[in-house]
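Novice: Please take these sequences and the hints and turn them into a complete structure.
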Amino acid sequence: MTTTPESPPLPMPQPDATTQFFWDGVAKHELWIQRCQSCGHYLHYPKVLCRFCQSDDLAGERVSGRAALYTWTIAVQPFHPFYVDRVPYIVATVELVEQPGLMFMSQVVDCAEEDLRIGMPLEVVFVELAPELTLPFFRPAAEVS
Amino acid sequence: MATGQRVAIVGLGYSHVARNSGLTVNDHVIQATKAALADSGLTMHDIDGVTSVGTEPLNDAWLLGIEPVNWWASGMMAPAFSYSAVQAIAAIASGFCHTALALRVIQQQPSSSALVKGAGANHPMTSMLHAAAGDRQFLTPFGAGSPVQWAGMFTQRYMSQFGATEEDFGRHVVTQRYHASMNDEAIFRDPITLDDYLAARYVSKPLRILDCDYPVDSGSAVIFTTEERARDLDQPVVLVDSYALTAVRDLNFEIMSDMVHTAPVATAKSLWERTDLTPGDVDTAQLYDGFSIIVFQWLEALGFCGEGEAGAFVAEGNTRLGGSLPVNTDGGACNVGRRHGANFCIEATRQLRGQCGERQVDSAEVAVFTNAVGPFAAGAILTRG
Numbered sequence: 001m002t003t004t005p006e007s008p009p010l011p012m013p014q015p016d017a018t019t020q021f022f023w024d025g026v027a028k029h030e031l032w033i034q035r036c037q038s039c040g041h042y043l044h045y046p047k048v049l050c051r052f053c054q055s056d057d058l059a060g061e062r063v064s065g066r067a068a069l070y071t072w073t074i075a076v077q078p079f080h081p082f083y084v085d086r087v088p089y090i091v092a093t094v095e096l097v098e099q100p101g102l103m104f105m106s107q108v109v110d111c112a113e114e115d116l117r118i119g120m121p122l123e124v125v126f127v128e129l130a131p132e133l134t135l136p137f138f139r140p141a142a143e144v145s
Numbered sequence: 001m002a003t004g005q006r007v008a009i010v011g012l013g014y015s016h017v018a019r020n021s022g023l024t025v026n027d028h029v030i031q032a033t034k035a036a037l038a039d040s041g042l043t044m045h046d047i048d049g050v051t052s053v054g055t056e057p058l059n060d061a062w063l064l065g066i067e068p069v070n071w072w073a074s075g076m077m078a079p080a081f082s083y084s085a086v087q088a089i090a091a092i093a094s095g096f097c098h099t100a101l102a103l104r105v106i107q108q109q110p111s112s113s114a115l116v117k118g119a120g121a122n123h124p125m126t127s128m129l130h131a132a133a134g135d136r137q138f139l140t141p142f143g144a145g146s147p148v149q150w151a152g153m154f155t156q157r158y159m160s161q162f163g164a165t166e167e168d169f170g171r172h173v174v175t176q177r178y179h180a181s182m183n184d185e186a187i188f189r190d191p192i193t194l195d196d197y198l199a200a201r202y203v204s205k206p207l208r209i210l211d212c213d214y215p216v217d218s219g220s221a222v223i224f225t226t227e228e229r230a231r232d233l234d235q236p237v238v239l240v241d242s243y244a245l246t247a248v249r250d251l252n253f254e255i256m257s258d259m260v261h262t263a264p265v266a267t268a269k270s271l272w273e274r275t276d277l278t279p280g281d282v283d284t285a286q287l288y289d290g291f292s293i294i295v296f297q298w299l300e301a302l303g304f305c306g307e308g309e310a311g312a313f314v315a316e317g318n319t320r321l322g323g324s325l326p327v328n329t330d331g332g333a334c335n336v337g338r339r340h341g342a343n344f345c346i347e348a349t350r351q352l353r354g355q356c357g358e359r360q361v362d363s364a365e366v367a368v369f370t371n372a373v374g375p376f377a378a379g380a381i382l383t384r385g
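Protein chains in written order, with our numbering: chain A, 1 to 145; chain B, 1 to 385.
I should point out that these hints are in silico values taken from the structure, not numbers from a laboratory. Be aware that a few hints might be false.
[Said to hold, decoys possible] Covered stretches of chain A (in silico footprint by chain B; criterion: 3 or more residues with CB under 8 Å from a CB of chain B, positions within the stretch not fixed):
id: 1; stretch: 13-26
id: 2; stretch: 30-41
id: 3; stretch: 83-94
id: 4; stretch: 100-113
[Unchecked claim] Between beta-carbon pairs, the in silico distance windows are:
id: 5; chain 1: B; residue 1: I187; chain 2: A; residue 2: V84; range: 23 to 33 Å
id: 6; chain 1: B; residue 1: R201; chain 2: A; residue 2: D85; range: 13 to 23 Å
id: 7; chain 1: B; residue 1: H16; chain 2: A; residue 2: A17; range: 40 to 50 Å
id: 8; chain 1: B; residue 1: D250; chain 2: A; residue 2: S55; range: 14 to 24 Å
id: 9; chain 1: A; residue 1: D24; chain 2: B; residue 2: Q161; range: 53 to 63 Å
id: 10; chain 1: B; residue 1: G357; chain 2: A; residue 2: A17; range: 53 to 63 Å
id: 11; chain 1: B; residue 1: E167; chain 2: A; residue 2: Q37; range: 21 to 31 Å
id: 12; chain 1: A; residue 1: H29; chain 2: B; residue 2: Q161; range: 28 to 38 Å
[Claimed, not checked] So these bits of chain B aren't anywhere near chain A, every CB distance computed over 10 Å:
id: 13; residue: V69
id: 14; residue: S94
id: 15; residue: G134
id: 16; residue: D135
id: 17; residue: A144
id: 18; residue: E185
id: 19; residue: K205
id: 20; residue: P206
id: 21; residue: Q235
id: 22; residue: E254
Keep in mind it's a predicted model, so treat the numbers as computed, not measured. Even for Gly, the Cβ is constructed at its ideal location relative to N, Cα and C.
Specialist: Structural data, given as structure tokens:
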């Protein structure tokens with residue numbers, strides 16, 4: 001394995017049997033969230049047991065990718081070598097529309113800092129940070145009636 | 001009133017605390033414990049229980065010569081020192097042991113710039129921040145996962161929800177520094193102004209460097225015992241009136257669905273349910289300040305002010321020495337350095353003993369100390385015995 005000193009290591013996710021569906025979805029530019037097949041609750045982060053009904057019948061399902069901005073912070077200090085030259089960026093926690101309290105932490109892109117406000121509608125957008133690394137970020141969306 | 005035997009705090013001690021102390025973890029354990037024993041008038045042989053966050057309590061007990069050990073407990077991802085404190089209190093109240101040593105020892109973390117350059121490649125903090133397995137596969141790739149980032153998000157949500165301002169947090173930071181100016185043990189003692197605060201750099205906007213506790217090597221020790229034993233010692237007696245430990249979810253701060261009402265709400269509810277005292281009875285509050293927003297959450301959770309009113313409460317001078325509720329009278333962890341909560345227990349006890357000199361709260365009879373925010377929290381209400 002060779003690495004060049006010029007290119008920092010990528011912060012590659014390490015999927016496991018419980019989370020593979022999520023990254024498979026990302027590869028198709030689709031947002032998939034784990035859902036209990038017994039009681040219907042969504043779960044994030046993915047787990048091996050539904051904490052609402054204790055069923056282990058869990059499966060990934062595609063969701064709309066629509067969300068509301070819950071909060072954000074402007075990351076100005078990097079904590080991973082990959083992000084040293086990428087600050088500032090907007091780290092945000094969003095609430096997916098599928099279920100109250102179904103939170104997803106990501107980045108918000110295509111939005112000026114002064115335009116951020118809690119509750120603003122967002123939609124998922126898949127951003128290729130490197131050929132090997134695509135992530136689901138969020139960007140402002142039109143109001144949904 | 002808490003059930004079981006009444007528990008007292010009888011010994012307080014710190015090691016030599018510094019950004020780079022040059023001391024080992026064992027040095028901090030030994031120095032802090034000896035200081036707490038000297039403060040209490042007890043000997044090592046009087047201790048029969050040990051708890052620690054940051055070290056292995058049985059190794060500490062063996063090192064120190066504590067035997068037999070009738071009770072021990074350890075915790076890593078816990079509400080810091082207050083976890084050790086409430087465990088020790090519960091162990092004595094139940095009769096599990098009679099005299100417990102509670103420790104919090106911290107080795108300094110490498111700086112963030114050193115971490116991203118790989119200088120601290122073998123440090124646990126580096127492996128945590130760079131790991132992308134398990135739950136962290138949903139943090140690290142996204143450029144998140146540092147505590148300052150959830151703290152920045154907690155702060156932003158609070159500001160957006162209640163219209164709070166950066167000046168609100170700044171006034172709190174200025175007040176704490178004023179208190180530190182009267183504390184010989186504080187690392188930062190030069191008073192600052194609101195302008196100084198607003199000129200400080202952001203680490204995760206709106207969170208500024210002055211909103212963060214200061215990383216140091218530190219060892220802290222507190223000795224708890226029964227009220228009966230405490231009355232035979234020379235120090236003024238300080239009693240535990242109520243205590244609580246609460247978790248509201250797993251350890252993931254970043255996906256909490258309510259970042260305003262977090263574990264301190266549940267902990268405060270338990271604290272008040274277990275006492276006849278009320279918020280109006282409290283003379284001084286020592287509230288964990290790992291980040292400024294945590295102090296605001298505790299002020300509101302404990303009912304010292306209304307929801308979203310912590311900024312105004314601070315601006316009115318309530319939290320300043322001489323105000324209605326002096327808060328963090330030692331200067332807080334932002335100024336005395338990261339004792340990870342132990343300083344709040346120690347300062348609360350010193351205030352009730354009347355040993356705080358220039359920064360003494362007049363006729364302090366009731367104090368509260370707390371730790372943590374988000375998923376878990378702990379704290380206790382103390383009275384002069």
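Novice: Can you list which hints this structure breaks, lowest number first?
Specialist: 2, 9, 11, 15, 16, 17, 19, 20 and 22
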